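What follows is the residue order along each chain.
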Amino acid sequence: MGRLFPLVLFCVVLAGAAPPALGHAVLLDTAPGADARLDAAPERIELLFNEPVEPVRLRILDAEGTEVGGQTRALGERVAVALPEELPDGSYIVSWRVISADSHPVGGSFRFAVGAESDGAPAPPELDAGSEAGWRAAALANRAVFLFALLGSVGGVWFLALFRPSPGLAEQIAPTILGLGGLAVLTALLTVPAQGGLMLGASLREAAGAVIWRAGFDSSLGQAATVAAAALVLMLVGAALRAPPALAVASGAGAVALGTLLTTGHVATAEPRWATVPAHGVHLVAAAFWLGALMPLLAALSRHPPAEAAMLLGRFSRVAMAIVALLIAAGLVLAAVQVAQPGALAAQAYGQLLVGKVILVAALLGLAAFNKWRLMPDILTGSVRARQRLDRSIRVEIVLVALILAVTAALGQATPPRTGVHDGHAHHGHETDPDPADLAPRTGMMTSGDYRAAFEIVPGRVGDNDLSVMVLDADGMPIEALGAELRLAHPEAGIEPLEAALAEGDTAGWFETSQAHFPLAGRWTVEIVVLVSDFERARFGTELEIE
Amino acid sequence: MLQTTYRATLVAAAVLAYGPAHAHITLETQEAAAGGYYTAVLRVSHGCEGSPTTAVRVQIPDGVMGVRPQPKPGWELEIVRESVDEAADHGHSHGVNDESAERISEIRWMDGSLPDEYYDEFRLRMLLPDSPGKVVYFPTVQECEEGVHRWIEIPEEDDDAAEFDEPAPGLTLTPAD
Numbered sequence: 001m002g003r004l005f006p007l008v009l010f011c012v013v014l015a016g017a018a019p020p021a022l023g024h025a026v027l028l029d030t031a032p033g034a035d036a037r038l039d040a041a042p043e044r045i046e047l048l049f050n051e052p053v054e055p056v057r058l059r060i061l062d063a064e065g066t067e068v069g070g071q072t073r074a075l076g077e078r079v080a081v082a083l084p085e086e087l088p089d090g091s092y093i094v095s096w097r098v099i100s101a102d103s104h105p106v107g108g109s110f111r112f113a114v115g116a117e118s119d120g121a122p123a124p125p126e127l128d129a130g131s132e133a134g135w136r137a138a139a140l141a142n143r144a145v146f147l148f149a150l151l152g153s154v155g156g157v158w159f160l161a162l163f164r165p166s167p168g169l170a171e172q173i174a175p176t177i178l179g180l181g182g183l184a185v186l187t188a189l190l191t192v193p194a195q196g197g198l199m200l201g202a203s204l205r206e207a208a209g210a211v212i213w214r215a216g217f218d219s220s221l222g223q224a225a226t227v228a229a230a231a232l233v234l235m236l237v238g239a240a241l242r243a244p245p246a247l248a249v250a251s252g253a254g255a256v257a258l259g260t261l262l263t264t265g266h267v268a269t270a271e272p273r274w275a276t277v278p279a280h281g282v283h284l285v286a287a288a289f290w291l292g293a294l295m296p297l298l299a300a301l302s303r304h305p306p307a308e309a310a311m312l313l314g315r316f317s318r319v320a321m322a323i324v325a326l327l328i329a330a331g332l333v334l335a336a337v338q339v340a341q342p343g344a345l346a347a348q349a350y351g352q353l354l355v356g357k358v359i360l361v362a363a364l365l366g367l368a369a370f371n372k373w374r375l376m377p378d379i380l381t382g383s384v385r386a387r388q389r390l391d392r393s394i395r396v397e398i399v400l401v402a403l404i405l406a407v408t409a410a411l412g413q414a415t416p417p418r419t420g421v422h423d424g425h426a427h428h429g430h431e432t433d434p435d436p437a438d439l440a441p442r443t444g445m446m447t448s449g450d451y452r453a454a455f456e457i458v459p460g461r462v463g464d465n466d467l468s469v470m471v472l473d474a475d476g477m478p479i480e481a482l483g484a485e486l487r488l489a490h491p492e493a494g495i496e497p498l499e500a501a502l503a504e505g506d507t508a509g510w511f512e513t514s515q516a517h518f519p520l521a522g523r524w525t526v527e528i529v530v531l532v533s534d535f536e537r538a539r540f541g542t543e544l545e546i547e
Numbered sequence: 001m002l003q004t005t006y007r008a009t010l011v012a013a014a015v016l017a018y019g020p021a022h023a024h025i026t027l028e029t030q031e032a033a034a035g036g037y038y039t040a041v042l043r044v045s046h047g048c049e050g051s052p053t054t055a056v057r058v059q060i061p062d063g064v065m066g067v068r069p070q071p072k073p074g075w076e077l078e079i080v081r082e083s084v085d086e087a088a089d090h091g092h093s094h095g096v097n098d099e100s101a102e103r104i105s106e107i108r109w110m111d112g113s114l115p116d117e118y119y120d121e122f123r124l125r126m127l128l129p130d131s132p133g134k135v136v137y138f139p140t141v142q143e144c145e146e147g148v149h150r151w152i153e154i155p156e157e158d159d160d161a162a163e164f165d166e167p168a169p170g171l172t173l174t175p176a177d
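For the record, the sequence lines run as chains A and B.
This note's numbering applies: residue 1 is where the first sequence begins, and numbers increase by one.
This note's numbering applies: residue 1 is where the second sequence begins, and numbers increase by one.
Simulated from the structure, these hints should not be mistaken for lab results.
A portion of the hints provided could be inaccurate.
[Unchecked claim] Residues of chain B clear of chain A, computed beta-carbon distances all greater than 10 Å:
| no. | residue |
| --- | --- |
| 1 | Glu31 |
| 2 | Arg43 |
| 3 | Gln59 |
| 4 | Met65 |
| 5 | Gly66 |
| 6 | Ser83 |
| 7 | Gly112 |
[What the hints assert, rightly or not] Taking CB as the label site, the calculated pair distances span:
| no. | chain 1 | residue 1 | chain 2 | residue 2 | range |
| --- | --- | --- | --- | --- | --- |
| 8 | B | Tyr119 | A | Trp213 | 27 to 33 Å |
| 9 | A | Leu332 | B | Pro132 | 45 to 51 Å |
| 10 | B | Tyr119 | A | Val26 | 17 to 23 Å |
| 11 | B | Arg123 | A | Glu86 | 55 to 61 Å |
| 12 | B | Tyr118 | A | Ala31 | 27 to 33 Å |
| 13 | B | Glu156 | A | Val26 | 23 to 29 Å |
| 14 | B | Gly147 | A | Ala31 | 19 to 25 Å |
| 15 | B | Gly50 | A | Gly182 | 22 to 28 Å |
| 16 | A | Leu234 | B | Arg123 | 54 to 60 Å |
[Said to hold, decoys possible] Looking from chain B toward chain A, a few residues come up when the C-beta cut is under 7 Å (computed):
| no. | residue |
| --- | --- |
| 17 | Pro139 |
| 18 | Val141 |
| 19 | Glu143 |
| 20 | Ile152 |
The model shown is predicted, which means the values in this text are computed figures rather than measured ones.
Where is the CB? At the ideal position from N, CA and C, for every residue including glycine.
Modelling step: build the complete structure from the supplied sequences, incorporating the hints.
If you want it as structure tokens, here you go:
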């Protein structure tokens, strides 16, 4: 008993020494100061806090979102970054994140400019169009191959586990499944630098460096892809072992790999989550099941005797109806959520891609129906010609699925209409600069508890914007709020919240600023914190795609 | 002898781990019997980033009655009341103090000065509502010579209070003995 006492006490101390936070580091001052405009490039950036801190991440980004390198050093309450080379004229963002002993991490961002400030007028930044397009294409191709390899290998493992093909057939199809799985692991890992390069708009020189890997790994997409790769490796080990228990583990690992797709992207953030997450999950499972079965069935068809092929095809055919129904139903739910108004479909890239996907899926379903009702009966009677036709048909199906997945990857890069705001413009891809006169301001309504906030951002593009917000109570009447703050963050690019105070407008509940600055394109989180009374704060938040 | 010293050290370590001053304003006792009398002790151990605290204002939540604050030398004590009608507008239940149709909505200790390096306690007696299991929050505004800290964040159902930067001091009501 006496021996246990120190151990118990140790555990108690550990438990007690854990959070809640004792105190938070506060940024007291920076050099250069926030929003400062310097004549000459600084040699270093310094941040001063009220207590000793440890830097978690400190980034300096230029107006294009490219990271400027530098060595970060922490000395007690100061964090300093020595800048290696002279910064060219322009605007910069310093995004910092630190942690103090026993405390929560704290983060923020501030801007400064060297020489003439980069063109703050509402025009898109002068991105190197070539490298941007290159990264988009690379990320797209990688994603398409990844989706195909992921669904094909996971579905293939499920086929092995559920349909129990004969050892001879299993021997024949295993290499394909393992090969696809390996390809899936490779493309999953490549997602990290592809996403990093895309986010940073990195030049080719930077592509060789570690910076795009770091940036990609900071993104939710990069992290999800890494988890997927790990799960896939586990799945491949289990699949190679081939024994039923190993296959069961492999099937589970495959499901986990599929599950990572649910954690990030447009669909993952769509509300209502209780509908979209299960629908997305069902959609993925059905698609994997279908694609994963096609190649084994193809292999079965080519074998003699045809009895096993007929049996497998028959079993698959019975299940396929249910799978198809689930696939379509889930797809409809997701499409309905993502496309706020059907009228928007034609005009925007997202809508056009979605229509394309639907057409391809319809073709696929037509082919599958043809297989089931016209060819299957002949297969079961042993007709050789029917087998040849089915063989061809399945190959076409596989090609169609590959095309569908390519379109799906493109959809992942496009902007769904539902994202937060009523956009007034028709956007024709990224090649032409939209005429500013075509752009309607971004507006929206946010809710927090009993309060609502109606906001308007003009013109809603990269650069300086006018933002105004009206805070209303549950009856829609403006309230006498005491103050409001604006926070803009870009989680995917790793930009911590940029803060700006909102000035009181002419009427009650009205706040505005002309300093709502979006330094980069991408998905920004906009948070407006309103002090409703001395004792009550309301936090409103939304996400906006800024171009 | 060695055994005793060893134990004493461990106990001291445990106390120290729990002991350090919190930068947040918190209640000294965070659990109390529902429906009973309770002395709330608000502990103020920091100013605002170095600036001395000049006022502490506590909002009295729904259902808490019979509030009596303790005066402090060097501080002006103010009791803010709202009529029961006003309370109804804000969605508060009727909590009647003395015979008037009013309830105490806020207690203020004003015009004082508590330097950042010092610690002080602000006390008030009250009668707690008879709602065992409920957590009652006392949003507190700390005004300083320069700056304000608003300890007013109240977690929703699925929030993790430990994640908040400025949580309101909370009191858990336990079943009465």
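Results of checking the hints against the structure:
1. With a minimum CB-CB distance of about 16 Å to chain A, Glu31 of chain B clears the 10 Å threshold, and the non-interface call stands.
2. Consistency note on Arg43 of chain B: stated as away from chain A, and its beta-carbon is indeed over 10 Å from all of that chain's, at 13 Å minimum.
3. Listed as outside the interface, Gln59 of chain B is inconsistent with that label: its C-beta sits roughly 4 Å from the nearest C-beta of chain A, within the 10 Å cut-off.
4. Against the 10 Å criterion, Met65 of chain B stays outside the reach of chain A, whose nearest CB is about 19 Å from its own CB.
5. The beta carbon of Gly66 of chain B sits about 21 Å from the closest Cβ of chain A, which is more than 10 Å, so the claim that it is off the interface holds.
6. The beta carbon of Ser83 of chain B sits about 17 Å from the closest Cβ of chain A, which is more than 10 Å, so the claim that it is off the interface holds.
7. Against the 10 Å criterion, Gly112 of chain B stays outside the reach of chain A, whose nearest CB is about 18 Å from its own CB.
8. With their beta carbons about 48 Å apart, Tyr119 of chain B and Trp213 of chain A fall outside the hinted range of 27 to 33 Å.
9. Here the CB-CB span from Leu332 of chain A to Pro132 of chain B is close to 48 Å, well matched to the stated 45 to 51 Å.
10. Between Tyr119 of chain B and Val26 of chain A the beta carbon distance is about 19 Å. The supplied range of 17 to 23 Å therefore holds.
11. In this structure the supplied range 55 to 61 Å holds for Arg123 of chain B paired with Glu86 of chain A, their Cβ-Cβ distance being about 60 Å.
12. At roughly 31 Å, the beta-carbon separation of Tyr118 of chain B and Ala31 of chain A lies within the given 27 to 33 Å, and the hint holds.
13. In this structure the hint that Glu156 of chain B and Val26 of chain A lie 23 to 29 Å apart at CB holds, the actual value being about 26 Å.
14. Here the CB-CB span from Gly147 of chain B to Ala31 of chain A is close to 22 Å, well matched to the stated 19 to 25 Å.
15. Distance hint check: the CB atoms of Gly50 of chain B and Gly182 of chain A are about 59 Å apart, inconsistent with the given range 22 to 28 Å.
16. Between Leu234 of chain A and Arg123 of chain B the beta carbons are some 59 Å apart, a value that agrees with the proposed interval 54 to 60 Å.
17. Hint on Pro139 of chain B holds. Least Cβ distance to chain A is approximately 4 Å, under the 7 Å limit.
18. Taken as an interface hint, Val141 of chain B checks out: its beta carbon lies about 5 Å from the nearest beta carbon of chain A, inside 7 Å.
19. A hinted interface residue such as Glu143 of chain B counts as satisfied when its beta carbon comes closer than 7 Å to some beta carbon of chain A; here the least separation is about 10 Å, so the hint is violated.
20. Taken as an interface hint, Ile152 of chain B checks out: its beta carbon lies about 5 Å from the nearest beta carbon of chain A, inside 7 Å.
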